[in-house]
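Here is what each chain is made of, one letter per residue.
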Amino acid sequence: MTKTTDPVALREWTVIGRDADILPGTTMRTRLLGQAIACTRDIDGTLHAQETDAYDAPAATVSVRERYGHVWATFSDTPRPMIEIPEFDDPARRRLLWGGVMVRTCPQRLIENFLDMGHFAYVHTDLLGSEPHTEIETYKVETRHDVAEIWATECRVYQPKASKAAAEGRDVEYIYRTSGPFVVVLYKTAEQPGTFDNMGMLVQPMDEEHCRVFGYTLLLEQDSPLVDALHFQQTIFLQDRLILEQQMPRKIPLHDTSEIPTRADAAAMAYRRWLREVGMQFGIQPKVIKPEAVAT
Amino acid sequence: MTTSVSASMPTAIGLSSAIETNQVIAAICGGTEYAVWRDSRGALHANQNRCPHRGMRLSFGFVRDDRLNCLYHGWSYDSGGQCRHIPAHPALTPPRTVCLQTFPVREQHGTIWLATETAAGDASQAAAPSPLDHLVLPAGLQATPVRSLYVMASLASVRRTMEEWTPQGHASGNTASASTAFKREALGTDAGTVILRDDALPPQGVLFALQDVGDGRTGIHLAALWSGPAPADHLLALSRQLRALGLALQQQATAEQAA
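Residue numbers (our numbering), protein chains in the order written: chain C, 912 to 1207; chain H, 4 to 262.
Treat the hints as calculated values from the structure; they're not laboratory data. Please note: incorrect hints may appear among the correct ones.
Straight-line alpha carbon distances no greater than 20 Å define the calculated SDA-like cross-link-like pairs of lysine to any residue that follow [as the list claims (entries may be wrong)]:
#, chain 1, residue 1, chain 2, residue 2
1, C, Lys914, C, Arg991
2, C, Lys1099, C, Ser1041
3, H, Lys186, H, Gly219
4, C, Lys1051, C, Ile1147
5, C, Lys1051, H, His92
6, C, Lys1162, H, His92
7, C, Lys1162, H, Pro141
8, C, Lys1162, H, Gly34
9, C, Lys1051, C, Ile1086
10, C, Lys1072, C, Gln1150
11, C, Lys1162, H, Lys186
12, C, Lys1051, C, Pro1197
13, C, Lys1075, C, Ala1140
14, C, Lys914, C, Ile954
15, C, Lys1162, C, Glu1132
16, C, Lys1162, C, Pro1197
17, C, Lys1072, C, Ile1147
18, C, Lys1198, H, Gly58
19, C, Lys1162, H, Ile28
20, C, Lys1072, C, Lys1051
21, C, Lys1099, C, Glu1120
Covered stretches of chain C, going by a simulated chain H footprint (3 or more residues, C-beta under 8 Å) [as the list claims (entries may be wrong)]:
#, segment
22, 1032-1038
23, 1045-1054
24, 1152-1166
25, 1170-1179
A virtual CB, placed ideally from N, CA and C, is assigned to each residue, including glycine.
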């Protein structure tokens, strides 16, 4: 596809790689929102990017910046402000960047999967959930229109093995927070009672049905090796990818009744409502116009 | 591009051996996907291959307690397609609107037949018609599944090739000369063809059926007809012939595309 014309997608800062993925003196080529781009890091460390075509003809520049350990890009001159994640500056936390994983689906299905506790018992069996602990209690959802964020709070779930460091099952509390269409973070009860680990998923929509996903974890717990925590996250995410690539259609349906939610999907319902309200088109199954409506 | 499947004629979607007890598979006919599963008593059921909750393919799900369950959130569907259990809300009775389209399915002579177009109503309760209903085999003849083969070739070209195909048995059982006469009986266009050897005693032959998958793909489902369970070397010989046939069809289709 060519570059999207959807203003809701175009106004976003979007991750295109980890800082370490673009070494000084190298160029990384990738795609963002349907547009091929090339991002170069000069020897002095400065980043710059531009749109590219098949002939590498001179083309529009793309704004890039580094934050939260990743490189972000936007096509907009007046982008929506990036999400604030103060935990990244907390010296008590260890930073774990999962690296990019390609997934054949739309960005919204990835965000929705991350927001969803109902699949833990079936997709992440004996890790994040298990039968018969399948019930999802009612939780609170709030849409903050001014900052384009949705917060789901008081989410509780029993987890057999909530993290690499967890020795036994426990009740875990989650707080979910989406920012715009492509970013979601979560705060999750840490091994130390009363504290929260922070993790998130930053989605790079290459086109409407192909994404790269960059996850991160900010861990309070200091004992377990980071590589173990990384392997745990990779196990979890590969289980999710199996699901994500088998959902039909790949684009998310917003304008019909082909997908029926329940109370447990309250966070996803608020996210879909927000997508409808802002008129998002990228990654969305187009509205079917009935022939009789066109005829007149 | 998808090809529409004949409205009234059921389609062969596989051999009996393709679906074990308490298992589900995906079948594609004319570009449309179906989830076909076998319950604990061995009975077959067919549904749309999409969970109406989040669009997950049900063929990735699991069969438990004679229900088809979605792998994503465990939504559980009975043989009539009705959702009976939503694990996130165990006390909730799922609304009647949460249901799957069901399709008549049945198996005969080692092949599984799916009626892809159904009348309104509870299709799973209706016995699926089968083109093999009126097939009369010589007494004692039994069907044993050989293999299913899918080729990137159109239904028409596979049909043309299969119309000329004469299966050879394994050496020890194949006492007839090369001039052996065969009796062919087509049970309807692509509804299955029976080929019996005229002179063999006890009688033997094959049954094959074609499946229009869509997008230029065709399935060939082959069963051996033998008096009693077919011997392993005979099944192997037929399987090799079908594989050779598949390779030839594939090369022919590639050549046609290049031309």
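To see whether the hints hold, each was checked on the structure:
1. Distance check on the hinted pair: Lys914 of chain C and Arg991 of chain C sit about 18 Å apart at the alpha-carbon level, within 20 Å; holds.
2. For the suggested pair Lys1099 of chain C and Ser1041 of chain C, the alpha carbons sit about 18 Å apart, so the restraint of at most 20 Å is met.
3. Restraint check for Lys186 of chain H and Gly219 of chain H: not satisfied, since their Cα atoms lie roughly 30 Å apart, outside the 20 Å limit.
4. Restraint check for Lys1051 of chain C and Ile1147 of chain C: not satisfied, since their Cα atoms lie roughly 25 Å apart, outside the 20 Å limit.
5. A C-alpha spacing of about 16 Å is found between Lys1051 of chain C and His92 of chain H, which places the hinted pair at or below 20 Å, so the restraint holds.
6. Between Lys1162 of chain C and His92 of chain H, the direct Cα distance comes to roughly 27 Å. Violation of the 20 Å bound is thereby established for this hinted pair.
7. In summary, the hint linking Lys1162 of chain C to Pro141 of chain H is not supported, as the alpha carbons are separated by about 53 Å, beyond the 20 Å threshold.
8. Distance hint between Lys1162 of chain C and Gly34 of chain H is fulfilled; the C-alpha atoms sit about 18 Å from each other, no more than 20 Å.
9. For the proposed pair Lys1051 of chain C and Ile1086 of chain C, the alpha carbon gap of about 10 Å is at most 20 Å, so the pair holds.
10. For the given pair, Lys1072 of chain C sits about 15 Å from Gln1150 of chain C by alpha-carbon distance, which is consistent with the 20 Å threshold.
11. Between the alpha carbons of Lys1162 of chain C and Lys186 of chain H the distance comes to roughly 51 Å, so the proposed pair goes past 20 Å and is violated.
12. A threshold of 20 Å between alpha carbons decides the hint, and for Lys1051 of chain C with Pro1197 of chain C the separation of about 30 Å lies outside it, so the pair is violated.
13. A C-alpha spacing of about 6 Å is found between Lys1075 of chain C and Ala1140 of chain C, which places the hinted pair at or below 20 Å, so the restraint holds.
14. Under the criterion of a C-alpha separation no larger than 20 Å, the hint pairing Lys914 of chain C with Ile954 of chain C is inconsistent with the structure, at around 30 Å.
15. Restraint check for Lys1162 of chain C and Glu1132 of chain C: the C-alpha separation of about 38 Å exceeds 20 Å, so the hint is violated.
16. Of the supplied pair hints, the one linking Lys1162 of chain C and Pro1197 of chain C holds, its CA atoms being roughly 9 Å apart against a limit of 20 Å.
17. For the hint pairing Lys1072 of chain C with Ile1147 of chain C, the CA-to-CA distance comes to about 11 Å; that is within 20 Å, so the pair holds.
18. A threshold of 20 Å between alpha carbons decides the hint, and for Lys1198 of chain C with Gly58 of chain H the separation of about 17 Å falls inside it, so the pair holds.
19. For the hint linking Lys1162 of chain C to Ile28 of chain H, the alpha-carbon distance of about 24 Å lies beyond 20 Å, and the restraint is violated.
20. Of the supplied pair hints, the one linking Lys1072 of chain C and Lys1051 of chain C is violated, its CA atoms being roughly 25 Å apart against a limit of 20 Å.
21. Taken as a hint, the Lys1099 of chain C and Glu1120 of chain C pair is broken in the structure, with Cα atoms around 29 Å apart against an allowance of 20 Å.
22. Counting residues of the segment 1032-1038 of chain C whose CB falls under 8 Å from any CB of chain H gives 3; the rule of at least 3 is met.
23. Against chain H, the segment 1045-1054 of chain C contributes 3 residues with a C-beta closer than 8 Å to a partner C-beta. That satisfies the three-residue criterion, and the hint holds.
24. With 7 residues having a beta carbon nearer than 8 Å to a beta carbon of chain H, the segment 1152-1166 of chain C meets the requirement of three or more and the stated coverage holds.
25. Counting residues of the segment 1170-1179 of chain C whose beta carbon lies closer than 8 Å to any beta carbon of chain H gives 6, which meets the minimum of three for the stated coverage.
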